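Participant: So the chains spell out like this:
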Amino acid sequence: MSELNPARPWTMRIAFAALIVVILFFHMLPLQTATGGWIWPDFILAFALAWSVRRPDFVPLALLALLFLLADLLLQRPPGLWAALALVACSQMQHQARSLRDASLATELMSAAAWIVGVGIGYRIVLAVLLVDMPSLAPALLQIVITVMAYPVVVGITHALMGVRKSTPHDMGSAGVRT
Amino acid sequence: MAKDRNSVDYGGPLRRLVLAVLILALTGTFLLWRIDSPRVERLRAQVTDRILPNMDWAMAPVTGTINLFRDFQSYRRIAEQNAELRRELRQMEAWKEAALQLEQENARLLDLNNVRLDPRLTYITGVVLADSGSPFRQSVLLNVGARDGSVEGWATMDGIGLVGRVSGVAQNTARVIMVTDASSRVPAVIQPSGQKAIVAGDNTAAPPIDFLENPDLVRAGDRVITSGDGGVFPAGLLVGQVAEDPGGRLRVRLAADYERLEFLRVLRHYGTEPVSDTTDVLTPAEEAALLQEEVPE
Chain A
1 MSELNPARPW
11 TMRIAFAALI
21 VVILFFHMLP
31 LQTATGGWIW
41 PDFILAFALA
51 WSVRRPDFVP
61 LALLALLFLL
71 ADLLLQRPPG
81 LWAALALVAC
91 SQMQHQARSL
101 RDASLATELM
111 SAAAWIVGVG
121 IGYRIVLAVL
131 LVDMPSLAPA
141 LLQIVITVMA
151 YPVVVGITHA
161 LMGVRKSTPH
171 DMGSAGVRT
Chain B
180 MAKDRNSVDY
190 GGPLRRLVLA
200 VLILALTGTF
210 LLWRIDSPRV
220 ERLRAQVTDR
230 ILPNMDWAMA
240 PVTGTINLFR
250 DFQSYRRIAE
260 QNAELRRELR
270 QMEAWKEAAL
280 QLEQENARLL
290 DLNNVRLDPR
300 LTYITGVVLA
310 DSGSPFRQSV
320 LLNVGARDGS
330 VEGWATMDGI
340 GLVGRVSGVA
350 QNTARVIMVT
360 DASSRVPAVI
370 QPSGQKAIVA
380 GDNTAAPPID
390 FLENPDLVRA
400 GDRVITSGDG
410 GVFPAGLLVG
420 QVAEDPGGRL
430 RVRLAADYER
440 LEFLRVLRHY
450 GTEPVSDTTD
460 VLTPAEEAAL
470 LQEEVPE
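Those protein sequence lines, which keep their order, are chains A and B.
Take the first sequence: its letter number 58 is residue 58 in the numbering used here, and every next letter is one higher.
Count along the second sequence from 1, then add 179; that gives the number in the numbering used here.
Hints listed in this document are in silico derivations from the structure and should not be mistaken for laboratory results.
Some hints could be false.
To be verified - Per the computed footprint, the stretches of chain B lying under chain A, defined by three or more beta-carbons under 8 Å from a beta-carbon of chain A, are:
no.: 1; stretch: 198 to 209
no.: 2; stretch: 225 to 233
no.: 3; stretch: 237 to 249
These figures come from a predicted structure and were not determined experimentally.
Quick reminder that beta carbons are idealized off the backbone N, C-alpha and C, glycines included.
Next comes chain A alone, as it looks inside the complex:
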């Protein structure tokens, strides 16, 4: 079983970083120079939440913070704010990971949706309080809704294609670590 390999957490951490970099890469492609294009879900947040619930040990907080800050810098957002909010969301999801382990997908989806909406709304509130120019409301709300809708798909990809699944007692027991 590959989970027994002590190098696996590091492999998966590097894999996660690569995944985020690939998402950023597709964001940056000069395909959409005109206005009024598609609004895509926030895949970075969705994947980070999905991995956080499944295997918190694959997405350490420091790695998440670094990648979120990189995303902020490259995507022309005010640096640090969205990253901090997303980090809080992910850390809370990691905290709930144990209770969500046996829960159904619906429960997990509710929890994730709450955090996605929370990050989106909190971001706008802080920007409004500090009088920063912000994107118009309608597309921003639309992006939040689309991200929530895309979350199950992201979970499917994470589970089936990337093989990141919720740890079972068997995995933990064989690694010799009490949960």
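Given the structure of chain A, go ahead and fit chain B onto it with the hints provided.
Facilitator: Frame of chain A; chain B shown alone:
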């Protein structure tokens, strides 16, 4: 391995400490940006400059492939496009004839007046490396930076119309904020009425015209060119044509082709020289003095 076991202990005090430190650092970055934006924006430009040129080898083929598929989709409409193009071509023939005559006339008139067009408005052409990556910001990244002498605030065009202004210059790259971005304001003149206005970007394809003194003098189809007020853009660059939206608001249909921005010209602009001193027009007193000098002969 001890570190790994610690990180498995998800509620541990160490984890809470790490979280607090990270959030403090991120919030600190944000507050620093809010207080001293230019410094952090320079850091952003440098990070982008470090990362993006390295991705370029992969971005070019992927972009090319995706554009190939998009073109492929448009092949299905090829017959009707062809008919449309033929129609347009016939119109263009007429225009071409008119243009040639006008060009000759213009050359004669310029020759008569001994006009020298501004020789200092030269340009650097750059390739578009990346877009803003988010639907909320309208900007592109060019591969001409401080190394090529690019300077903040210079105007960029796509050969026909104004595209935007350089904002954020790193060593190898420069970011161009486009006219359609919500933070863009371009002082403009509407010809032929000569009305001054501001073209204010609002994240739509056709930015609205603000601060127009007399909208009655402006009609759809009028040309919008930069006025050169404010000293950021040189005067006389074509922005687009006036169009009226269904709500009755005047907007600019931009002349530049925003759908496919591949190359951009960065115009070298060293500022319009301000007329600071009053001209040496003879004041009545000086005139009298001059007359006095001439009289003795």
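Participant: Each hint needs a verdict: does it hold in this structure or not?
Facilitator: We went through each hint and held it up to the structure:
1. 198 to 209: holds (count 9)
2. 225 to 233: Holds: 4 residues of the stretch 225 to 233 of chain B have a Cβ under 8 Å from chain A.
3. 237 to 249: Check passed, 6 qualifying residues.
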